[in-house]
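Enquirer: Spelled out, the chains give:
There are 2 protein chains.
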Amino acid sequence: MTYTPPRFVTGLTCFICGTTYPYGNIFTCPECGIDGILDVQYDYDSIGKRITPNSLALRGLNHWRYEELLPISSDSVIPHLHIGWTPVYDIPRLAKAVGVQKLFLKDEGRNPTSSFKDRASSIGVLKAAEFGFETIACASTGNAASSLAGLSAAVGLKSYIFVPERAPEPKVTQLLIFGATVLKVQGTYENAFDLCREGCEKFGWYNRNSGTNPFLVEGKKTAGLEIAEQCAAAMPDWVVVSVGDGCTIGGIGKGLQEMKMLGLIDRVPRLLGVQAEGARPIVDAFVSGQDLVPTDTNTIADSIAVGTPRNWRRALWQIEQTHGEMIAVSDEQILEAMRITARLGGVFGEPAGVTGMAGLQLAVERKIIRSHETALVIVTGNGLKDIHSAKQAAGTAISIAPTLDALAKALDTRSKTGA
Amino acid sequence: MTYTPPRFVTGLTCFICGTTYPYGNIFTCPECGIDGILDVQYDYDSIGKRITPNSLALRGLNHWRYEELLPISSDSVIPHLHIGWTPVYDIPRLAKAVGVQKLFLKDEGRNPTSSFKDRASSIGVLKAAEFGFETIACASTGNAASSLAGLSAAVGLKSYIFVPERAPEPKVTQLLIFGATVLKVQGTYENAFDLCREGCEKFGWYNRNSGTNPFLVEGKKTAGLEIAEQCAAAMPDWVVVSVGDGCTIGGIGKGLQEMKMLGLIDRVPRLLGVQAEGARPIVDAFVSGQDLVPTDTNTIADSIAVGTPRNWRRALWQIEQTHGEMIAVSDEQILEAMRITARLGGVFGEPAGVTGMAGLQLAVERKIIRSHETALVIVTGNGLKDIHSAKQAAGTAISIAPTLDALAKALDTRSKTGA
Chain W
2 MTYTPPRFVT
12 GLTCFICGTT
22 YPYGNIFTCP
32 ECGIDGILDV
42 QYDYDSIGKR
52 ITPNSLALRG
62 LNHWRYEELL
72 PISSDSVIPH
82 LHIGWTPVYD
92 IPRLAKAVGV
102 QKLFLKDEGR
112 NPTSSFKDRA
122 SSIGVLKAAE
132 FGFETIACAS
142 TGNAASSLAG
152 LSAAVGLKSY
162 IFVPERAPEP
172 KVTQLLIFGA
182 TVLKVQGTYE
192 NAFDLCREGC
202 EKFGWYNRNS
212 GTNPFLVEGK
222 KTAGLEIAEQ
232 CAAAMPDWVV
242 VSVGDGCTIG
252 GIGKGLQEMK
262 MLGLIDRVPR
272 LLGVQAEGAR
282 PIVDAFVSGQ
292 DLVPTDTNTI
302 ADSIAVGTPR
312 NWRRALWQIE
322 QTHGEMIAVS
332 DEQILEAMRI
342 TARLGGVFGE
352 PAGVTGMAGL
362 QLAVERKIIR
372 SHETALVIVT
382 GNGLKDIHSA
392 KQAAGTAISI
402 APTLDALAKA
412 LDTRSKTGA
Chain G
2 MTYTPPRFVT
12 GLTCFICGTT
22 YPYGNIFTCP
32 ECGIDGILDV
42 QYDYDSIGKR
52 ITPNSLALRG
62 LNHWRYEELL
72 PISSDSVIPH
82 LHIGWTPVYD
92 IPRLAKAVGV
102 QKLFLKDEGR
112 NPTSSFKDRA
122 SSIGVLKAAE
132 FGFETIACAS
142 TGNAASSLAG
152 LSAAVGLKSY
162 IFVPERAPEP
172 KVTQLLIFGA
182 TVLKVQGTYE
192 NAFDLCREGC
202 EKFGWYNRNS
212 GTNPFLVEGK
222 KTAGLEIAEQ
232 CAAAMPDWVV
242 VSVGDGCTIG
252 GIGKGLQEMK
262 MLGLIDRVPR
272 LLGVQAEGAR
282 PIVDAFVSGQ
292 DLVPTDTNTI
302 ADSIAVGTPR
312 NWRRALWQIE
322 QTHGEMIAVS
332 DEQILEAMRI
342 TARLGGVFGE
352 PAGVTGMAGL
362 QLAVERKIIR
372 SHETALVIVT
382 GNGLKDIHSA
392 KQAAGTAISI
402 APTLDALAKA
412 LDTRSKTGA
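Residue numbers (the working numbering), protein chains in the order written: chain W, 2 to 420; chain G, 2 to 420.
Check before you lean on any hint, since a few could be wrong.
Claimed, not checked - Listed below are the simulated PhoX-like cross-link pairs for lysine-lysine, each with C-alpha atoms no more than 20 Å apart in a straight line:
(1) G:Lys-410 <-> W:Lys-203
(2) W:Lys-417 <-> G:Lys-159
(3) W:Lys-159 <-> W:Lys-203
(4) G:Lys-410 <-> W:Lys-392
(5) G:Lys-410 <-> W:Lys-185
(6) G:Lys-203 <-> W:Lys-410
(7) W:Lys-410 <-> G:Lys-159
(8) W:Lys-159 <-> G:Lys-410
(9) G:Lys-417 <-> W:Lys-159
(10) G:Lys-392 <-> W:Lys-185
Hints listed in this document are in silico derivations from the structure and should not be mistaken for laboratory results. Just so it is clear, the structure is predicted and the values come from calculations on it, not from any experiment.
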């Protein structure tokens, strides 16, 4: 079938050379030859007449409520899985512990496959169908993959997924159960990424890699659009999120900016991008002001262990737009953030999921964020995805015989040792 | 502080002897001496004036929207975590594969700690606070426990959790990360259950065990209340759910019945209760018409591996009210249900989570459910909770070197072997 092009998309503009290309299945700027730098442009004047507080009030509470701001055809069949409009929690106990005036958590682990990436994958599977592909592929450290597998299953698309050897088993199992063909590449994320791209070219698959595919970031931006609506009454001073490839923070920044452009909010929060110390090439580029230098990676936050990010330019551009900051945190700080997010917030995040929280704590310590300020932290993925890491943060159970005596003794020991 | 009693609760009535007791912290019928048989009664005439389609349309999309039908005090502070109003999906491909006219999935894995049990725990932590307890305890094969740990963390209550030795590690880790004290009891679920009750009596903890605590089932019933609203336009002929203790199906049945009583639906779907072959005491009692005989348990569906269910009377009573049925499925059928639920529905459920789906398949095979009928299956928990079992259903990844040649060879082998 032929799909009507997305009604409000006016073209794709290159970040670097400024050239605008007509809408279509395009990944790389023909002028610059660089990936991850094409940005979808919209007719905001027309959209502004349709997206208003009144019209939004009547729409479904999922990320398709922003259809005019998404690069999707009106002929596309929307997947049945409920995506987006994840809860935002105002948690005074956590704010107090961290030392800010107000702290909100947005729990992206509540998406269908338990991570933020469902926002992007849902766009990916629609674009694949629209451009006439029967198979979609991606390389991922895990969440993008499980998300693509789940969304492909939901719409009946075939999926090939390239994962690096170190991908945690729960994430690989999640792919397989959804019926994806999983290729475990003997090497790093970068090896998996390159092989996926070559495979797409050779075998005619649609490439869901959000580092290069310009449409995926549009799905990610819906988190920013939602924050604008959900926090309209008390817009936080900071929005904090973990950074791997750069596409997530880039998308969230774009969404917030669009809502300001449409007049739904009057200021955009500052962005704090947080990387793990063991995978901090974007932080280094932010600090040096130079082009990004690829690095090795070594962190428990596998979902953001990206040594050669494809979207660092987009990330830095969005962060600078908001006079934002970047910071890197240690694995120990990530584990501590996992504990306080769960114990004071009731939200269990995976390591990369709580890296934002670790960054907020460090930013407060370093007075980058002040005690009178407010922050929203995005928890990008559910802790059940990486139980192995969680075990390092969690402590241990007390094994006892099934008797009241054994119980009394165990409690007594515990209260004496404080363990 | 003193809490105003729940406004619309008129008392607690014993299922067996019919005696009604005034509202209060009561677990066991003083007349009969049996647990799990007290049922919370409401003033439905007054509630009917307040719960109407118009009033509901203005309320938040979470399970507190039914506040008049919950045994909670107006002084209670509602936990910040978003509970309930989980999505209902209409999935034609899955309906076709199973052989029914329409098939809906309600994905309870979308609750805060990724299972149905959050509905009950959210009531439990409020009751503990209302009755003046500082500590809450439960025995659980996993989900009730992780849910209690998460909800306790959210409201700042201390939690002691008794788990049997066989509880899967991801579930135990989830408890620990939320800061619960976890007591791993050397024995079965029944040993853990008994020790928890003794501990509550001895140390003055509030008991969250849904088998005995009469208020917990009221939280579970919100899934039934939601189904009535979410499916009002096309009420399914059957509602299908896995059965362990009996409290979940009992609650769902009560919720549906209440919605009929309030005039929000005009008929109650028939209930299909599904147990695992390796833990089927309630199915046996259903078939024999005799009192329940406790059994040993042996099934991968650990969340419903209950040999001595406390709520079997409530389960059977509710099933009979709807002219419902019960059925038992093998572990193989559960693994197959896990695959089709994920591959055709895009929903990854744990073994007990998809036991309902396995039961639906078997019921269609046995012509208990006919091809012209419609069904809603409740997926009670997220598959990430038990990756070990999922691996048995999932198949394996293909390990390859990071070269296009290796990829081409792997795909070729795969297409030849059909693997």
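Enquirer: All hints are to be evaluated individually against the structure, with a verdict given for each.
Expert: Status of each hint after checking the structure:
1. G:Lys-410 <-> W:Lys-203: holds, 13 Å
2. W:Lys-417 <-> G:Lys-159: Holds, at about 17 Å.
3. W:Lys-159 <-> W:Lys-203: holds, 16 Å
4. G:Lys-410 <-> W:Lys-392: violated, 38 Å
5. G:Lys-410 <-> W:Lys-185: OK: Lys-410 (chain G) and Lys-185 (chain W) at ~14 Å, within 20 Å.
6. G:Lys-203 <-> W:Lys-410: holds, 13 Å
7. W:Lys-410 <-> G:Lys-159: At roughly 19 Å apart (the allowed maximum being 20 Å), Lys-159 (chain G) and Lys-410 (chain W) satisfy the hint.
8. W:Lys-159 <-> G:Lys-410: The hint holds at about 19 Å.
9. G:Lys-417 <-> W:Lys-159: Satisfied, since the Cα-Cα distance of roughly 17 Å is no more than 20 Å.
10. G:Lys-392 <-> W:Lys-185: Judged against 20 Å, a Cα distance of about 16 Å means the pair holds.
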